[in-house]
Structure formats: C-alpha cells, structure tokens
Amino acid sequence: MKRIVKLIAVFATLVVVLIACGSSSSSSPKSSGTSSGSGSGKLSILAWPGYAENGSTSKDTDWVTPFEKQSGCNTTVKTFGTSDEAFQLFNTGQYDVVSASGDSSLRSVANGDAAVIDTAKVTTYADLADFLKAKAWNSVDGKIYGVPHGWGANLLMYNETAVTPAPTSWGAVFEANSPYKGKVTAYDSPIYIADAALYLSKTKADLGITNPYSLDEEQFSAAVELLKQQKPNIGEYWSDYLKEQEGFTKGSLVLGTTWQVITNGVKADTASPPVNAIIPSEGSTAWSDSWMVSTKSKNVDCAYKWINWITSPSVQAQVAEYFGEAPANLKACTETSDKDFCTTYHAEDKAFYDQLAFWTTPTAKCLDGRSDVTCKAYKDWTAAWDEIKGS
Amino acid sequence: MTEPSAPQVHGVRRRVARFFARHPRAALGAQLSAPGGWLLIIYIGSLAALILTSLFRLVDDPTGLVTKLDTSIGFGNFDRVISQPVYRAVALRTLGAAATVTVIDAVIALPLAFYMGKVASQRARRMLVVAVTLPLWAGYLVKGYAWRALLDPGGGAFQEVFGHSLGFGYASSIVVLAYLWFPFMVIPLYAGFDRLPDSLLEASTDLGAKAGRTFVSVVVPQIVPSLVAGSIFTFSLTLGDFYMNRIVGGTTEFIGNIVYRQFSVDLPFAAAYAVIPIVIMVGLLLAVRRTGALDEL
Numbered sequence: 001m002k003r004i005v006k007l008i009a010v011f012a013t014l015v016v017v018l019i020a021c022g023s024s025s026s027s028s029p030k031s032s033g034t035s036s037g038s039g040s041g042k043l044s045i046l047a048w049p050g051y052a053e054n055g056s057t058s059k060d061t062d063w064v065t066p067f068e069k070q071s072g073c074n075t076t077v078k079t080f081g082t083s084d085e086a087f088q089l090f091n092t093g094q095y096d097v098v099s100a101s102g103d104s105s106l107r108s109v110a111n112g113d114a115a116v117i118d119t120a121k122v123t124t125y126a127d128l129a130d131f132l133k134a135k136a137w138n139s140v141d142g143k144i145y146g147v148p149h150g151w152g153a154n155l156l157m158y159n160e161t162a163v164t165p166a167p168t169s170w171g172a173v174f175e176a177n178s179p180y181k182g183k184v185t186a187y188d189s190p191i192y193i194a195d196a197a198l199y200l201s202k203t204k205a206d207l208g209i210t211n212p213y214s215l216d217e218e219q220f221s222a223a224v225e226l227l228k229q230q231k232p233n234i235g236e237y238w239s240d241y242l243k244e245q246e247g248f249t250k251g252s253l254v255l256g257t258t259w260q261v262i263t264n265g266v267k268a269d270t271a272s273p274p275v276n277a278i279i280p281s282e283g284s285t286a287w288s289d290s291w292m293v294s295t296k297s298k299n300v301d302c303a304y305k306w307i308n309w310i311t312s313p314s315v316q317a318q319v320a321e322y323f324g325e326a327p328a329n330l331k332a333c334t335e336t337s338d339k340d341f342c343t344t345y346h347a348e349d350k351a352f353y354d355q356l357a358f359w360t361t362p363t364a365k366c367l368d369g370r371s372d373v374t375c376k377a378y379k380d381w382t383a384a385w386d387e388i389k390g391s
Numbered sequence: 392m393t394e395p396s397a398p399q400v401h402g403v404r405r406r407v408a409r410f411f412a413r414h415p416r417a418a419l420g421a422q423l424s425a426p427g428g429w430l431l432i433i434y435i436g437s438l439a440a441l442i443l444t445s446l447f448r449l450v451d452d453p454t455g456l457v458t459k460l461d462t463s464i465g466f467g468n469f470d471r472v473i474s475q476p477v478y479r480a481v482a483l484r485t486l487g488a489a490a491t492v493t494v495i496d497a498v499i500a501l502p503l504a505f506y507m508g509k510v511a512s513q514r515a516r517r518m519l520v521v522a523v524t525l526p527l528w529a530g531y532l533v534k535g536y537a538w539r540a541l542l543d544p545g546g547g548a549f550q551e552v553f554g555h556s557l558g559f560g561y562a563s564s565i566v567v568l569a570y571l572w573f574p575f576m577v578i579p580l581y582a583g584f585d586r587l588p589d590s591l592l593e594a595s596t597d598l599g600a601k602a603g604r605t606f607v608s609v610v611v612p613q614i615v616p617s618l619v620a621g622s623i624f625t626f627s628l629t630l631g632d633f634y635m636n637r638i639v640g641g642t643t644e645f646i647g648n649i650v651y652r653q654f655s656v657d658l659p660f661a662a663a664y665a666v667i668p669i670v671i672m673v674g675l676l677l678a679v680r681r682t683g684a685l686d687e688l
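Residue numbers (this note's numbering), protein chains in the order written: chain A, 1 to 391; chain B, 392 to 688.
Same shape as in the complex, but just chain B:
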C-alpha cells in the first residue's frame, strides 16, 4: 500500500517545483508571504484595530459602575478630542515639544555632522561616530533617571555645581528628549555630508564664493533630504513619548500620558486620542515625500 503513495508525494513536490520555476513571480510571492503576512497582520492589523476602536464608544450600564462597549460606528470620541480645550492644549504642547526637540537637534547636529563628514580625519571620524551612537547602548530608563539625578532641584548635580537647575518640567522634558534622539539626527546628516562630493565645494570656492555662501547655496540644498530624514526621527519619537514626563517632566503631560491614563477606563477614547499623532505623522510624511527625504530613511 505504501509503495504507490511515495512516488505520488514525489510527484506533488516536483509539480510544485515546476510551477514555481515557470512562474517566478509566484515564487517571489510565496517567499515574501511570511514577512508580508507579518506586516499585514501585526503591523497594519494593529493599526486598523486602533482606528476601529476609536470609532466605538462606551455606554454606562444602569449601575453606573461598569461601562459596556457599544460597537456602533461614530465620531463622538473625535468630537470630544477636538471640542475640549484640554485635549487641544495637550496635543499642541506635544507638537511644540516635538518641533523644539527637532530644532535643537538640527542646530547642534549640523556643524557636528559637517565636521564628521567633511573635515575630520578617518580616525577622528570613526571615533565621533562611536561617540555619537554610544548613548544608544544605554537603556531609555537608565538615561532618563541619570538626567533626573542631574536635574533634581533638591540637590541634583546641576543644583550642586551651578547653583541652579531647570528642575522638573516642560523644559527639562524637551532637553532630555533632545539628548535622547540626538543620534537619530546626526547619523543621517553625517551620511549626507559624507556623500557630498568635495569637488562641489572646491568648485564653489574656485568661483569665488566665501564659506557662508558655499554653505547656503551648495551644502544646504544637498543636505536638506538628510535633514528632513533626521527630523522625521526626532519629531516622531518625541510625539510618541510620554514616559520622560514621568521622570523629568514634573506635572507636564503629553498625548501619551492622556492615552496611558484613559486606556484602562475609556479605551475607545484613548484610541481616538492615539490616532492624533498618527494623523500628524502621516500628514508630515506626505508633505516631505517630495523632498526625497524618504529615500534617506
């Protein structure tokens, strides 16, 4: 009985192999199905679940103690997000922090990345890359609490050494987040400068341009895509951050803090509020698509 089945299995295998050999696109599809499925189910799926949840709402049951999920679709949660001043204020505060962090990082990273990419020796260049990326090896919480120890108004390092500390608050959150996301700005900029041909700079000098003019007219246009790429990192990472507020932010709250508090009480509302940064990021990505920055990511 077993004898006829063996060649049959063999035959199936051969037939499958022949099929894929004749249809290379199908072969590619089959090979990509696992990672593709992961992307679709885990990544897009969770995003879809989030958006779907944001359209549901909670209704009080007669006891007033528990709430039941009403899965009829509606925009009540978004209405609340938009109409209540506090949620607008928190969203604007988060946006403000994201923009400020991005500007701080860009201002510090530009000259550093220029030096790394164009001026420094190979050896110094390598050392600097290590130095810039080294903080990435320490955990988020480790760095956060280290900063807490520095900023503590009750005897932190700044207080002891300089007699003054920022203390815990909005400004501290921005400073620490700017520190945390700094490597994400430097690395794309460094890659951008590295790629910028020296001949362009030389040509600019030969044509009589001073350093400032060369920078504005030659370097900046070439580097904008890298700058935008770095900004996407620093901006989006800040937009989604909430825990640094708990460590050094004092009473400051970002979008994430509200989402964290609401998710165990009013999940649909938390989901709706979490959609806000997603919308902002999608809008931003669409806007920068034309700069070619997305190729830099």
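Chain A extracted, bound-state conformation:
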C-alpha cells in the first residue's frame, strides 16, 4: 500500500511538472503577437480551422501575422469543430469575431450575441458577391449581422477504384444493402439530417419537402428513418476533416459526403487511391459562412479591421485556395495562383449558387412559409441525432 502511495505521488509530481512545461511552451506562440504591431489593440478570433491561419498549422500558411503588423491588433485565434461549439463559445462573449455558418448564425443573433454590422465601415462590402449579402442566414428583418466570407457545397466523394459504377446520386450513401458497407462516411452533425431530407425531397415527392431545413413531423421522421437505415453502412462519421482525409487516403472509407478541401488533401497525397467529388443529381446542401461581431466586444475597431482584412482580395484568394471554397470577394478571382480557381468553384455563378441548399438553423416556425404545421426545431434535430448515432 505504501509503495502504491509513493508511486502515485511520483506520478502526480511528474504530471504537474509536465503540465507546467506543456503550458509554458504552448503559450509562447500566443505571446508572439505582442512583439508585432505598433498599436495596442487586441482581437480574439473564433474561426473554422483554416479560416484564420497564423502559421501554427504550416509555416507558409499565415495571414494573421501580416494582419497584426498592418493593423497593430494583437490577435489570438481559437478554432472550433462544429457549429454547436461555435455557438456555445461565441455565447461566452470572450471572442470578438466569429466565422459563423448558417446553422449557428441565427441562433447567435436570436440570443443577442451578434451585433448589427455597420456596412459603411466594411470597406470591401461593395466588392462582395451580391448573391451572398443579406441572406436568410446573415441578416434578420433587413438588418445585416454577417459579412460574407466564402461558401462551398457538401460534395459526394468516392474512391474511383473501389466504387463502380461511379455514383451520380446521393442514393449511393443511403441505399440499404450497400456493397460498400462499413466504408461509407457521413458528416457528424445534426445538420446532416438535411442531406437525407434533400435526397427525400427529390426521391419521395409525396412527402412534399421543399426546404430540407423546414421539416414537419412526418417529413422529419422519414429523414431520420433514412439515416438509421444508413448507419450500419457507416464506417466512421467525420467532423474533423483530417479524419475523413485519412480514411480515404488509407482506403478504410470509399464513399461519402465531403468538402472540397478534403478532396484536395486526398488528391495531393500521391499514396492515396484516385478520388473524385461531385454534386449528385439531387443537388447538395452547402455552407455559406459570414463574419459576425460580438455584442460584448470591447475591440470593435480591431474586429472591423479584421473583417476588412479577411475580405480583401489578396487574403480572400489565400483563404479560398487554402480551404477550398468560393471566395465572397470576386476581386479575389484575379489574385488566385490557380487562374481557373473561381471557375472551378463557381464563385461567380449565381445560378449554381441558387441550386444549393445552404445550412440554416431549423426553427419551429417553418422556414418554407407553411403556417398550418410546426416544424422541428434545432433542439429536436440534436435529439434525433442522438437517436440515429446511439442506436
């Protein structure tokens, strides 16, 4: 007994020492901000991984340090993995700006966390694509709450050697007796229910789904059933995009929903099997992200400086190419290293944009205008996601 106590004491001491070493080394990159810049401003950014790169992921990928030098705002970046996390973190009031997707932005507005944007202070606003401004997910009652950042579709990726014939429909990931059982993947978030609903809107017309984010009881349970049927075929769900990239590279995953950035990552790896990513015949769900400013921000000046920086043509070109999304600022299209970049991503293609079903927060009041039924709110979507994944 005494020996165990001694052992535990030794371990505990070591743990404390290790934690102390760990925290001092991890805090050093943060403090690098203090040396640069002439001003005394501060800025705390909450962003999707890949949106506010400060060189910590890869030394060559850094548009935060130049911002610090130019603006004098000492910047810290916190990344989040899911929209739920983004909403919860932004709600704490510790962050000045957030890159919000449509499935968290409206919640932040309704919760009083997001401030109305003074578009006069956004010098780049006029250059941003018109079809991205004042949309349902970045404005409420005509007031602008979000400055468009970039957008992209949730694509269907498949391993070209393993999946034959090449899929053309989302049916490939939803069919009950999939030949790819155990090697299918899906996005790990309640918002993925919309992907099932989108598929049903095209394949089961009698359900009458017009908007995959606006589902009444019957439509909702049909979508949930479809996902329960899909679950045995899933090898792994993904929310961390590196996890999906690894799966496709190694071949443990061969089919499933993806982002362009993941496809790019797999293609860049010479050891990985050939993959292709398409928008299936049913269309796609998609994300359109906007920068929002916190109502509790004490650094509003720096917040606007950041928004002006991140939506400026050259930075937009860097982010868009790094992340693999269509830039909001169309002037970025002339600054990308790949001159066909904006064509590939349909950045200027409003018709393409219009056929996508962009992430938005489901509410009890139906988004498609129906008033005779109540729709399932986001809380119900989360509960259903428990039911799908826990089953």
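Hints in this document: simulated from the structure, not taken from any laboratory. Each statement offered as a hint is correct.
With a cut-off of at most 27 Å between alpha-carbon atoms, the simulated BS3-like pairs for lysine-lysine come out as follows:
id, chain 1, residue 1, chain 2, residue 2
1, A, Lys121, A, Lys135
2, B, Lys459, A, Lys365
3, A, Lys298, B, Lys459
4, B, Lys459, A, Lys379
5, A, Lys42, A, Lys78
Assemble the complex: chain A is given as a structure, and chain B must be docked to it using the hints.
Same frame as chain A, now just chain B:
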C-alpha cells in the same frame, strides 16, 4: 502613535497561538481548512452543480431559435433518459463495455500479478513493475492513435501482418480500453499477492492441497479485496470514457459521447445523463464496501 500598536499586534498573535495550543482540534481544523475547502468547493461543489443543473430544463422562446433556462426543479430530463430507448441502449452498451474491460483485465492480470508477487525474483519483479506501469507515461491520445494505426482496416498493421483487423467498432474500443486501464488492475493485485504470506501457501501444501485447491481456497479469498479495488478503477475509467470511441470506436457511442454532443445544445439534459454513471458508481462502491476493497484503493 506607532509604538502602542506594535505590542498589540504581538498580543493578537500570541493570543491566537495560545488558543490553538489549548485547542489542538481547532489547530488541526485550521490546518485542514485549505485542502478541505478545496474538496468541498471544487469537488463536491461541481458535483452539486451538476446534479442541480440536471433538475433544470430548457424552454423554447417564441422565436424557436434560442432556448432559455428554466430553473424550476423537475425530473423531466431523467424521465427522458429512462423513457427513450436510445438512452437506455447507450447506457447499457457503456455498462457492457465497462464490465467486459474489467473481466479481460482481471483474467490477464491475475496470473501476471501472481507471478510478480510470489514467483519472480526481486530483479524480475522490479522489471515487471516498470514494464506494466511504463505505458502510463505515454499520453492517452498517443496510445489511442497508435492503436488506430494498428487497427486501421485500410492498411493498418494488423491488416498487413495478419490479413485481418478488428477494424473500428465496439470490439476495438473494448480492446483498447482494456489495454489502457490494464496497469490499474495489475498494481493493486500485485500489492495483494505481495502481502499474501508464503506460509499460508506452504501450510496449504503441507495439508495436502494441490495447486488448484490452494488457489481457490487460500489465494482467491485473500486477493478478492485487491481484485475489487482494481475492478473499481477499470470499471469507472471505462464508464467515463468517450474519446476512444472517436479514435477506434467507428460509430460506437457511449454515455460520454451523448453528453459531449448535448452539453452545448441542452445542458440540463446533458447533466442528467452524466448523473447516470455517477449513480452507477455510487451504487457499486456501496456494494463493495463490505469486501474491504475500499481500503485497497
């Protein structure tokens, strides 16, 4: 002016010292107040906050977008945990994993700990203790991802070498958790065997018992408290684990996975679900209290 105040301070100090000298219990209390306060506020306090939160509920506001916390006390969340099949299924799955991990660890650790405590030379004994505890030096994530590389059905080490891998799933989670918590089972068992007097074994042999009989009638009753102590570790650590599922569990979900997802959306419900493993552990600890295992921890 300063002159009279100095002896006064001195006097206060002396009076305090005299008080504590005369009341040793008060002195002890004062000395324990800092760690005791820590235990009370940080440890018990967070537990109380968890249980209190689980009794609250969220109500939708008219927009349906945000929910407000209703702090009136009720058992709605527990009702949901019990009445919805999926939450029962996940809880049972977690319990199943905890029990399986405990059994696997016990079966492997018993002979090893016996060898370490009774058979091996001092030198081998020390080497084995180091070998068993060495994995504790590597981080949880490091070990988790190492196992991921081993188990990967798309070209992991098992696949390459044996042509077959468990892949990612429930079984893999159990195997990796059994590996992770193994030292916590071995060490108490080893201490138990170490303490078991050789004379008892010799007496048993002298009285004509064969090895098997000695083990069942002499060793096991002596070692049960240690076994239970080790089991408490492996069981509770598995019960609270959720991240290994994300690394090697495929689509498997435990109680912790549900809590993790719900806490940013429906905190009171997440709290209620998190109470379940606590209740299980409290029940278990009460049940094993009589075996004397708690003295082994």
